[in-house]
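There are 2 protein chains.
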Amino acid sequence: MKIVLDCFGGDLCPDSAVEGAVAAVQEIKDLEVVLCGDEKIINELLKDKIYDKEKITVRHASEVITNDDAPVLAIRRKKDSSMVVALKALANGEYDGMVSSGNTGALLVGATLLVKLIDGVQRASLSPLLPTIFDDKNTILVDGGANVDCKPSMLREFAIMGGAYMSAVKGIENPKVALLNNGAEEEKGNSLTKEAHALLKNTDINFIGNIEARDLLFGVADVIVADGFDGNMCLKTAEGMGKAVFTLLKRYIMEGGLKAKLGYLLLKPSLRKLKKIMSSDSVGGGVFLGVKKVVVKAHGASNAVAFKNALIRAYEMAKADLPAKIENALKQNSIQVEE
Amino acid sequence: MKIVLDCFGGDLCPDSAVEGAVAAVQEIKDLEVVLCGDEKIINELLKDKIYDKEKITVRHASEVITNDDAPVLAIRRKKDSSMVVALKALANGEYDGMVSSGNTGALLVGATLLVKLIDGVQRASLSPLLPTIFDDKNTILVDGGANVDCKPSMLREFAIMGGAYMSAVKGIENPKVALLNNGAEEEKGNSLTKEAHALLKNTDINFIGNIEARDLLFGVADVIVADGFDGNMCLKTAEGMGKAVFTLLKRYIMEGGLKAKLGYLLLKPSLRKLKKIMSSDSVGGGVFLGVKKVVVKAHGASNAVAFKNALIRAYEMAKADLPAKIENALKQNSIQVEE
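Protein sequence lines, in the order shown, are assigned to chains A and B.
Under our numbering, the first residue of the first sequence carries the number 149, and numbering increases by one thereafter.
Under our numbering, the first residue of the second sequence carries the number 149, and numbering increases by one thereafter.
Hints may be right or wrong, so weigh each one.
As the list makes no split between identical chains, a pair holds if one copy fits it or if it spans any two.
[What the hints assert, rightly or not] Restricting the straight-line Cα-Cα distance to at most 27 angstroms, the calculated cross-link-like pairs of lysine-lysine (DSSO-like) are: (1) 342 <-> 398; (2) 398 <-> 409; (3) 391 <-> 324; (4) 285 <-> 318; (5) 391 <-> 424; (6) 424 <-> 407; (7) 285 <-> 398; (8) 391 <-> 409; (9) 227 <-> 336; (10) 336 <-> 324; (11) 391 <-> 336; (12) 336 <-> 264; (13) 407 <-> 421; (14) 318 <-> 479; (15) 324 <-> 342; (16) 398 <-> 416; (17) 407 <-> 423; (18) 150 <-> 398; (19) 398 <-> 421; (20) 264 <-> 424.
These aren't lab readings, by the way, just hints derived from the structure by calculation.
Let's have the full structure, built from the sequences with the hints guiding it.
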């Protein structure tokens with residue numbers, strides 16, 4: 149499997165991207181990574197690293213799309229940017245997948261316009277893998293923020309695509325799919341979720357009904373379907389809550405005198421573990437579902453570990469031939485798109 | 149100030165309601181509480197309590213609206229329920245405010261149909277006072293879940309009503325009002341928040357623009373305006389996140405051996421403080437804004453302290469003559485309701 153890595157545009161790029169690639173090819177035997185971006189800079193970074201030269205190559209691109217760039221303009225005009233060069237080569241079938249930590253909007257537009265959507269898909273979704281209170285269990289949230297003002301039929305697609313991901317990539321048989329709603333009862337919801345609920349009942353997916361946002365992290369479902377605006381509310385609230393918890397705890401410890409400080413030192417490993425889960429790298433990024441090829445968005449502040457994980461995720465998706473699986477799942481549920 | 153307390157319908161009712169009332173009249177000099185519900189049961193509970201007999205009286209009602217009752221039917225048919233009796237007496241001007249921990253939907257319907265809405269208000273909102281990382285600062289979230297599929301003009305009303313609350317009841321001069329959105333930039337949002345943003349700019353309130361859900365608990369604004377569906381997403385995510393944090397921490401401590409357990413014991417006061425803020429009684433309930441009289445919803449699991457706080461909150465709102473202040477603020481911004 150050959151994954152192209154957009155090495156520019158993220159906060160810690162290109163250093164962390166290059167370092168992540170070296171770690172990823174060490175971990176996965178049949179993974180090759182192509183580093184896309186300014187070859188002088190990338191080669192300079194590679195110079196001191198020890199790695200299998202056959203597994204990491206460089207593809208030159210002279211421009212960089214930044215977070216300040218307007219997505220559509222950036223994709224149209226920055227034709228020699230690391231993101232556009234990687235996307236075009238991916239679309240041409242040169243690679244099996246792509247990872248980028250750059251401008252999310254530009255990556256979404258670029259994936260949609262250049263790599264194109266799977267037949268029958270109205271919009272690509274950006275889906276983070278949420279941590280849960282169970283160590284070995286993730287839940288995929290479709291959509292995590294790429295699409296607002298969704299139609300009910302889009303939520304139906306999200307459900308099918310999310311189910312295909314969890315079954316093909318994570319090996320979960322008959323994954324449980326739930327609809328994010330303001331109440332568990334069937335009659336609850338706004339006009340979107342009520343209509344979506346009715347549509348979801350008429351699919352061959354394992355639809356378990358509505359769940360409330362309080363259940364997001366409790367592993368109740370394998371797939372949680374939501375309008376991207378609502379998905380964004382949940383992700384950002386969880387992020388803020390995590391930050392608030394540690395801000396307050398730090399203050400209480402400072403105010404708590406010697407006893408609290410000693411307690412903190414003893415409890416540090418547990419608290420660190422908690423912090424790691426709560427500020428999980430997985431929440432910041434996500435996978436694009438609905439695109440013809442595998443595209444993974446690493447979060448903007450990705451460090452080397454986050455890049456390594458994103459590359460492995462892309463590898464797993466490519467290995468599972470996810471785009472084909474999604475296409476099949478959609479055909480099987482023969483979507484009728486309303487206009 | 150005379151506040152009527154619906155003593156039935158909550159999880160810990162009527163015991164905690166009666167106990168909360170006794171505590172409230174002890175704390176506030178010019179507060180009288182009327183306990184509404186089965187007089188036999190209430191008098192039995194009052195028997196052992198020490199309190200000023202002039203400050204607590206009983207108003208009989210023979211029925212109870214439960215959480216299983218359908219809201220509209222319950223209000224129409226259970227005419228001698230503690231909730232309906234209290235609401236009708238409030239509407240007649242017998243009391244200055246009301247507190248209930250009963251069926252939220254029924255209370256909203258009852259307040260709207262029996263007590264009625266202030267002129268120019270399209271819908272009453274249910275607004276929790278969120279804790280922030282600053283001990284002495286709350287943010288009011290309007291709407292916290294009462295109304296879904298809001299129109300932009302409703303969000304404009306929510307902003308004005310929330311501002312009136314923070315200025316009249318909390319004494320905040322020119323309260324900062326923000327719109328909950330999926331991005332801080334003006335052009336971000338779904339169709340609702342984009343239109344609402346434009347409307348909010350044309351008010352005399354102190355509109356500071358969009359904020360993201362990650363900022364909810366950081367005291368950035370005094371009032372946060374949202375569609376009730378989105379408000380619900382945020383409140384429930386925060387609730388679930390709080391639960392997840394303590395579930396995981398407990399597990400890590402158990403796995404962490406003697407050192408972690410000792411650390412936990414030393415850090416217990418800090419962790420308890422954190423837990424108290426995060427599972428704050430204020431988040432579970434809220435105030436109804438837009439109703440002609442003061443109505444406070446205590447959360448369903450209210451204990452005596454939560455009831456005492458809800459009664460004090462109703463007292464403060466009545467003392468500040470909040471409904472009149474809201475009416476004035478709406479007139480001043482001469483709402484044009486689109487149909």
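Hint check results:
In this assembly of identical chains, the alpha carbons of residue 342 and residue 398 never lie at most 27 angstroms apart, being 43 angstroms within a copy and 37 angstroms across copies at closest. Taking identical chains as interchangeable, the C-alpha atoms of residue 398 and residue 409 lie at most 27 angstroms apart whether they share a chain (10 angstroms) or sit on different chains (19 angstroms). Taking identical chains as interchangeable, the C-alpha atoms of residue 391 and residue 324 lie at most 27 angstroms apart only when they sit on different chains, with a minimum of 22 angstroms there against 30 angstroms within one chain. Proximity of residue 285 to residue 318 under the C-alpha cut-off of 27 angstroms is restricted to the intra-copy arrangement: shortest distance 10 angstroms within a copy versus 44 angstroms between copies.
Proximity of residue 391 and residue 424 under a CA criterion of 27 angstroms is satisfied in both settings, with 12 angstroms inside one chain copy and 17 angstroms between copies. With identical chains, the CA atoms of residue 424 and residue 407 are at most 27 angstroms apart both within one copy (25 angstroms) and between copies (20 angstroms). Proximity of residue 285 and residue 398 under a CA criterion of 27 angstroms is satisfied inter-copy only: 18 angstroms between copies versus 29 angstroms inside one chain copy. Within a single copy, residue 391 and residue 409 get their C-alpha atoms as close as 20 angstroms, and across copies as close as 24 angstroms, so both meet the 27 angstroms cut-off.
Taking the shortest Cα distances, residue 227 and residue 336 sit within 27 angstroms of each other only across copies (26 angstroms), while inside one copy they are farther apart (47 angstroms). Proximity of residue 336 and residue 324 under a CA criterion of 27 angstroms is satisfied intra-copy only: 20 angstroms inside one chain copy versus 32 angstroms between copies. Taking the shortest Cα distances, residue 391 and residue 336 sit within 27 angstroms of each other only across copies (24 angstroms), while inside one copy they are farther apart (31 angstroms). Taking the closest pair of Cα atoms, residue 336 and residue 264 come within 27 angstroms of each other only across two copies (24 angstroms); inside a single copy the shortest separation is 36 angstroms, beyond that limit.
In this homomeric assembly, residue 407 and residue 421 come within 27 angstroms of each other (Cα to Cα) both inside a single copy, at 22 angstroms, and across copies, at 15 angstroms. Taking the shortest alpha-carbon separations for residue 318 and residue 479, only the intra-copy value of 21 angstroms comes in at or below 27 angstroms, while the best inter-copy value is 57 angstroms. When the C-alpha separation of residue 324 and residue 342 is checked against a cutoff of 27 angstroms, the pair qualifies only within one copy, where the shortest distance is 19 angstroms, while the shortest distance between copies is 34 angstroms. Taking the shortest alpha-carbon separations for residue 398 and residue 416, both the intra-copy value of 12 angstroms and the inter-copy value of 13 angstroms come in at or below 27 angstroms.
Taking CA atoms no more than 27 angstroms apart as the test, residue 407 paired with residue 423 passes in both settings, with 22 angstroms inside one copy and 19 angstroms between copies. Taking the closest pair of Cα atoms, residue 150 and residue 398 never come within 27 angstroms of each other, the shortest separation being 44 angstroms inside a single copy and 42 angstroms across copies. Proximity of residue 398 to residue 421 under the C-alpha cut-off of 27 angstroms is found in both arrangements, the shortest distances being 16 angstroms within a copy and 12 angstroms between copies. Taking identical chains as interchangeable, the C-alpha atoms of residue 264 and residue 424 are never at most 27 angstroms apart, the minima being 35 angstroms within one chain and 50 angstroms between chains.
Against the hints set out earlier in the document, violations occur for numbers 1, 18 and 20.
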